[in-house]
Structure formats: structure tokens, C-alpha cells
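Residue numbers (UniProt numbering), protein chains in the order written: chain H, 1 to 65; chain W, 1 to 395.
Honestly, the hints are just simulated from the structure, not real lab data. In this text, a Cβ means the ideal position worked out from N, Cα and C, and glycines have one as well. Just to be clear, a hint being listed does not mean it is correct.
[Said to hold, decoys possible] Just some of the chain W residues that point at chain H, by a computed CB distance under 7 Å: (1) R21; (2) K326; (3) R371.
[Claimed, not checked] Not the full set, but computed from the structure, chain W residues with beta-carbon under 10 Å of chain H: (4) P43; (5) R62; (6) Y323.
Spelled out, the chains give:
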Amino acid sequence: MKVILDQDKCVGSGQCVLVAPEVFDQRDEDGIAVLLDPDPPAGRHAETREAARLCPALAIELADS
Amino acid sequence: MSRIVVVGASAAGLTAAEALRREGYGGRLTLVGDEPHLPYDRPPLSKQVLRGSWTPDRTALRRADHLDGLGARWLLGRTAAGLDAAARTVTLVDGEVLGYDGLVVATGVTPRSLPRGHELAGVHVLRTLDDALALREGLLTAASVVIVGAGFLGSEAAAVATELGADVTLVDPLAAPMIRQLGPLVGDMAARLHTGHGVRVRTRTGVRRLAGEDGRVVGVVLDDGSHVPADLVLVAIGSTPSVGWLTGSGLALGDGVECDELCRAAPGVVAAGDVASWHHPGLGRLRVEHRMNATEQGTAAALTLLGGGRPFAPVPYFWTDQYDVKIQAYGLTGQEATFRVVAGDPAEGRFAGLYGRAGRVVGALGWNMPREARTLRRHVTETTPWPQVMTPAGG
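Excised from the complex, chain H in its bound form (with noise of 0.2 Å):
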């Protein structure tokens, strides 16, 4: 899995890193969304997921690595 994050979208809500605290983290000045781990392991592809559903402002895309 690959994970693309687009900060430009970033809303900074943190709802990834509520569910996928190991994958995703923010910035402190501005709470912009930062990637951790592009290419998580098959443990964290559930949890990655449900941060691309949730994100509210849609800055997460997944693709098959």
C-alpha cells in the first residue's frame, strides 16, 4: 500500500491521526497532516483506510504498492 497525502487539501482536523496514529501525525503550527510511514505495513492498511474514509477533506489516496 501507498499512501498519498495532499497538504494542500489538509484541513488539519486530525482525523487521520486519531485512527492511525503510527501512519499519520500533524504539524504543530498548523495542525497540516504529515506522513510518517508512505508504505505501512499489512497491520496498518485497516486503520489507513478508515483514515482515507474519514478525512473530511479527501487528502488521503491509497494505492496498491
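Following the hints, complete the assembly by docking chain W onto the known chain H.
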């Protein structure tokens, strides 16, 4: 279940359709949307689209190939006219009748209008993509703008109109912008934010009427009789659930489609998004007009329709961006709660705080402190006792 109809093809309806397929529903799926566009996202309309930093196509909720993959029949530019919940049929304005085993109601809300004056050129509302493009075109040539209503939408539009160079007056009968949603302390901060950017904030003042000449708006007459000139007026005084088509259907209609904890409105009927009023297990009857809720409730309603639903108990979440300020809020943050700053400093334009009511934390907010707001969210989910978070060691 072999025939599911989703009425409403925006965020809630689309999410419900996706959840149905994800959960293995393989039957017929029909989406009805009264706008001609494929599903698009509304929050950018009053921000990036209005400002012109995004072209309209960036608001698409999904790429066309993804939508094809849903295997659904799309009836766009088609409006539902009626529901017969006993016969399980939806009738469209053009006469087509859609039978269903399962129905998702996700028809959203309609902007409220002033009693008179909307026929004047230069008077706008903002709900749809077409509304946003028309408003943007108007703002590009407008010199003086009056925004009626200082809720989220009006406040966001005031910020963009100011950035585009217009002279803006923001009018509201309440004491401060967004006070109903965020309470007086944050509302006062918002008033100062807008005033600092040159907006004339006229609070505690209603609008008596719109003034027109030769079919064009020329200003707004306020309750005190004063006249504010305007060549563009945005009316942003809230919305009402789009339930006209459900009159006589047998569904309970109060403030929206009334549902139980599982988002069920009737046998085989669920509702989701702005239009749905449901019984939140922890918070009582709620109707939430926020983007995040459309996604979460669309999913919850779909699971209920397939028989695997659970009580829908989200922590409501919303955000708003105005000028260089990002506000994030969780839970209940209205004026019935008490707000206290627990991090940062309002004087420095960065703070986070909690809302308390009846001895418990019910909400959290960050003003240019999104990370802290997210951290404070746990007090909302845990309904931490209010005195505990108000002691220095408890933050």
C-alpha cells in the same frame, strides 16, 4: 435486499453508497441527485472556490472511474417529489417511480431566505457549486458587500470577500459572530478578527428589508432604520432540512427526518447527513450540519440498512478557516456551555480550550492550535468532570 435507492448524491449519499458496496451489497443501487453535477465537496465552496484558488473540478468528491466502480445508476439533475413508505416507492418530479427494499434519505438542507427581496439582482445565497460560482463572479466586481448572518458560512464569506478587496459589512441579530455555535468568548474573538481585517461587524441588528432600484439590490435597511449601501448581498441566515418531498410519506418530520439511534426513520428507511435528526446515545436528539458527520452518518446508516447497524454516537467535529485562523471544534461548543482557555493565549491569536456543562466537559476548541484541540478531544469522549480539567494539574 436487492434494490436500494439513495436520494441525495452529495457527501452523505455517496458515502452511504460506498459503504453498502464495501459491506458486500451486490444488488441494484440507484442514486438520485437534484443537482446536475457528480458528487462534490461543499466546505471548499465558501473558501477556496469563492477565493478562486481552486477551480471547481477540485471539489469532486471522487474521480469518475471510482464512481463507475460503484456499479450504480446515477439519476442526476433529477428531483424526488414524493415517498410512499408503505408501498416502498419514491416518485421523481418527472414521474418516474423507483421501487426499493432499502432507502437512504440524504437530501441535505436548503438555505433560508429573507421574506422578500431575493428576486433582486445581486442577492445571493450559498449552498451549491453554482451558487458559489455566481457569488464569486459578483464579488469580483462588487465594491460594497453586505453579508446577512454571521454564522460559519457568513463569516467565511466575509473573510474571502474582504481578501478579494470588497468593503464588507457583516450583520447579525445576535451579540457576536458564530456565538450560537461557539459561545460568547470565542464569538467576541471572531468579531475582533473580522474588525481587524476591516469588516464592519454590525451585531445585535436584524435586517428590516433589502432595498432595490431597477431590479438591482442597492442596500440593506437595518432594524434601527439605518441604510447600508451594497451592490451585493449574501443572505446566510441558516438552512432548513430539505424534507418537503417527504410530506405525507408517514416519516416523522421534526427538525429534519427523525430517526432512532441506528439512523432508522421507518422500516427499510434510514437517513444521513444534514437532513437527519437522530437520537445520539450520549447527547440526545441531534441534527448536525457538518461535513464530517455526512461521512460518518452515511456509513452508519448504510450498515443499519444491511442489518449490521450500531447506535450512532460520534463526537461531532467541525472546522472553519477565516483569514489566517483555523478553528477546530469537537463535541458541543454552543453558548449553553461555559468556555475556558486551557492552552495558549487569546491575546497572541493561538489558544485551545474546553466547554463545560452540568459539571462535565462537553466540547473542545482550538484557535490556531489544531494539535492541542485534538489532544483535548479525549476529555469530550471521556466526559471528564469539569472541576478536574480546571485545576492546574488536570489540563
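Verification of the supplied hints:
1. R21: violated (13 Å)
2. K326: holds (6 Å)
3. R371: At 5 Å from the nearest chain H Cβ, R371(W) passes the 7 Å test, so the hint holds.
4. P43: P43(W) check passes; min Cβ-Cβ to chain H is 7 Å, inside 10 Å.
5. R62: holds (8 Å)
6. Y323: violated (13 Å)
Going down the numbered hints, you'll see the structure goes against 1, 6, while the others check out.
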